[in-house]
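These protein sequences, in sequence, are chains Z and H.
Under the working numbering, the first residue of the first sequence is numbered 1, with each subsequent residue one higher.
Under the working numbering, the first residue of the second sequence is numbered 1001, with each subsequent residue one higher.
It is possible that part of the hints are untrue.
Unchecked claim - Have a look at the derived ranges for each label pair, beta carbon to beta carbon:
(1) H/D1131 - Z/E389: 25 to 35 Å
(2) H/A1054 - Z/R41: 33 to 43 Å
(3) H/E1014 - Z/S67: 55 to 65 Å
(4) Z/S401 - H/M1070: 38 to 48 Å
(5) Z/A343 - H/E1239: 24 to 34 Å
(6) H/N1191 - Z/Q356: 19 to 29 Å
(7) H/N1165 - Z/A343: 55 to 65 Å
(8) Z/G355 - H/V1011: 16 to 26 Å
(9) Z/D297 - H/G1066: 38 to 48 Å
(10) Z/L339 - H/D1113: 54 to 64 Å
(11) Z/S401 - H/E1123: 12 to 22 Å
(12) Z/V373 - H/D1131: 32 to 42 Å
As the list claims (entries may be wrong) - Coverage of chain H stretches by chain Z, computed from C-beta distances (three or more under 8 Å per stretch; other residues unrestricted):
(13) 1048-1057
(14) 1071-1081
(15) 1086-1099
Because the hints were derived from the structure by calculation, they are not lab data.
Where is the CB? At the ideal position from N, CA and C, for every residue including glycine.
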Amino acid sequence: MSVDFLNIDLKTLSNGNAFREGGLTRALSLGVPTSKNEEWRFISLKGLQKQQFSINNESVLEDVDLSTFGEADGYKLVFIDGVFQPKLSDSIKSKGVSFQQLEIPSLTADAFDGDFFAALNASSYTSSVEIQVQANTSVEKPILLYFLQGSKKLSSYAAPRVSVKVGAFSKATIVEHFATNVAGSVYYNNPFTAIEVGESAKLTHYRVQRESKAAFHIARVQAHVGKQANYSSYTFNFGAKLCRNDIRAIQTGLESHFTIDGLVMLQDDQVSDTHSVMDHAFPYGTSHQLHKVLADDKSHSVFNGKIFVRQDAQKIDSFQENRNILLSNNAKINTKPQLEIFADDVKCSHGATIGQMETEELFYLKSRGLSEVQSKLLITRGFALEVIEEVEIAELVALLSDEVENFVVKVKV
Amino acid sequence: MLKITNLHAKVRGEDVEILKGLNLEVKKGEVHAIMGPNGSGKSTLSKVIAGHPAYEVTEGQMLFDGVDIMEMDPEDRARSGLFLAFQYPIEIPGVNNQTFLRMSYNAIAQANDEEEMDPLEFEDFVKGKLDSIKMDESFLDRSVNTGFSGGEKKRNEILQMAVLNPKLAFLDETDSGLDIDALQVVSSGINLLRKPDNAFVLITHYQRMLNYVEPDVVHVMIEGQIVKSGDKSLALKLEEQGYDWLTKPHMNGILA
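Just chain Z, same shape as in the assembly (with noise of 0.2 Å):
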């Protein structure tokens, strides 16, 4: 038994390991989606099935350049082809923070009950790593997981599982951060990323995805929000042939906050697919969402979010909004905000708009004196800027704006 576009034995793999065994059967009795599925009706997984990965099963690497991932100061914590490299790593000496590798992976909640990319994780994970935040604890510095894949010789799979657990009024700042030093490499990375934000704590997830322009990325990322905790999770989408990326946020307690906010950025024939579920479930509860997408040449990108509101979910505060700028006539959006509510005294905002360039933006700046060229490339730099403002990592916003510089140098206008 085997899924057609994987190298690799499931069965063997999985032998033994009831966690694995379990995915396993989900992943094959559910299949690869096709657009027929509503939530993939907008994408095709044609050009993933087509090619053949296989675990990288190289032994562990001491020397690699790990440049790519900027100068950030925090605990590294290095994956090449998905597998954890303790000798590239840090130890993290923070107190009150523990790391393990875990042979068969704790999970507690599963928000992706259905989806054959999580099964295929949880039957298939290359690693599984588990960080812990005790109760009362601030961790001074980011915990930085790299992600590095791709080279010349394999199309490798890489399905690294990792799951953050941050204890009662604790408070931490993860990076994710998933890039290559191959341009043009294929490869496919399947990560899964599960997260538990104990009550009064504060995590906040920055994921940062610059995987090579031919490589294929499924993430898939839960988060359980506790009592008066608040999740904040910035997504920066630049790379990939394909990326699909879902993020389901669930409240747990009363008066817990969710911001999911993310910024896209594609060109030549990118695609990129953002799903998110905002999911209250307890009263009192926030969240906010911006989606930002800048679309160029013949690329693609589909939003699909959706918000929750569950029937004893009164007075919550929701906002969503998903802005889309497309810089080519060939680029294509397709955006579907949705709302769920089955309270009656909830306050709730979505909204979606796709655009040229602003005309009233526009001409202000032209007013002002600048020329029609330098008025878009400042608009559509501001216009990404604005979620990387976010950002609490000077190195990380100095990287993500080299990223955006990149990109709209790139822009013909």
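Since the structure of chain Z is already known, use the hints to place chain H on it.
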């Protein structure tokens, strides 16, 4: 400086004329006020002069310093010394106010063969301008107009005007929505910029700003035309009597 003759304009793609044969002449050193009821075409006039792409001029002439500006792009009009303070300044998230001001200053300087400024020089220059309109330095680090209050946006327009030092500035309802303090700040900002070789056109509903910025000429605009011009006493009369005494005969064709 500005000579507008028989100007007709409409929204591009629509049939209804908004400006219907407007005449206006502004000379160096003058301050003009254009008053008029809602919908009379005051804002359209300012946008047509600045070159807004949504409007189409169907007839007439606009000469600025003797040059026909009709076919000029908005940026070229700005570079030749025209400035429009917007009624509703546009928010541009993510674009730093100081960077924007410097790019704008340099674009205009470059077009006029003047010295451009590097970021450090410009910072000193712009801080001097800030003081004159009582704006805090933190304005410079914020995104252009983003999250600014109404009064802050209007002051930011005056700051831009102070930085760009135009020959002719149109101020489109810069006074609306300002409290008395903000109105005085904005007015003194304008007065500081008044020089013998520049000119201002204030578009306003109310006489109150004209207490602080004294106009040389007051025009009344109704239905796309300037129907009456006079000195500042005309503004007071409008404040007391409204526009009815002008609109009714106009409707009957007496003034037209």
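Violations among the numbered hints, reported as their numbers in ascending order
5, 6
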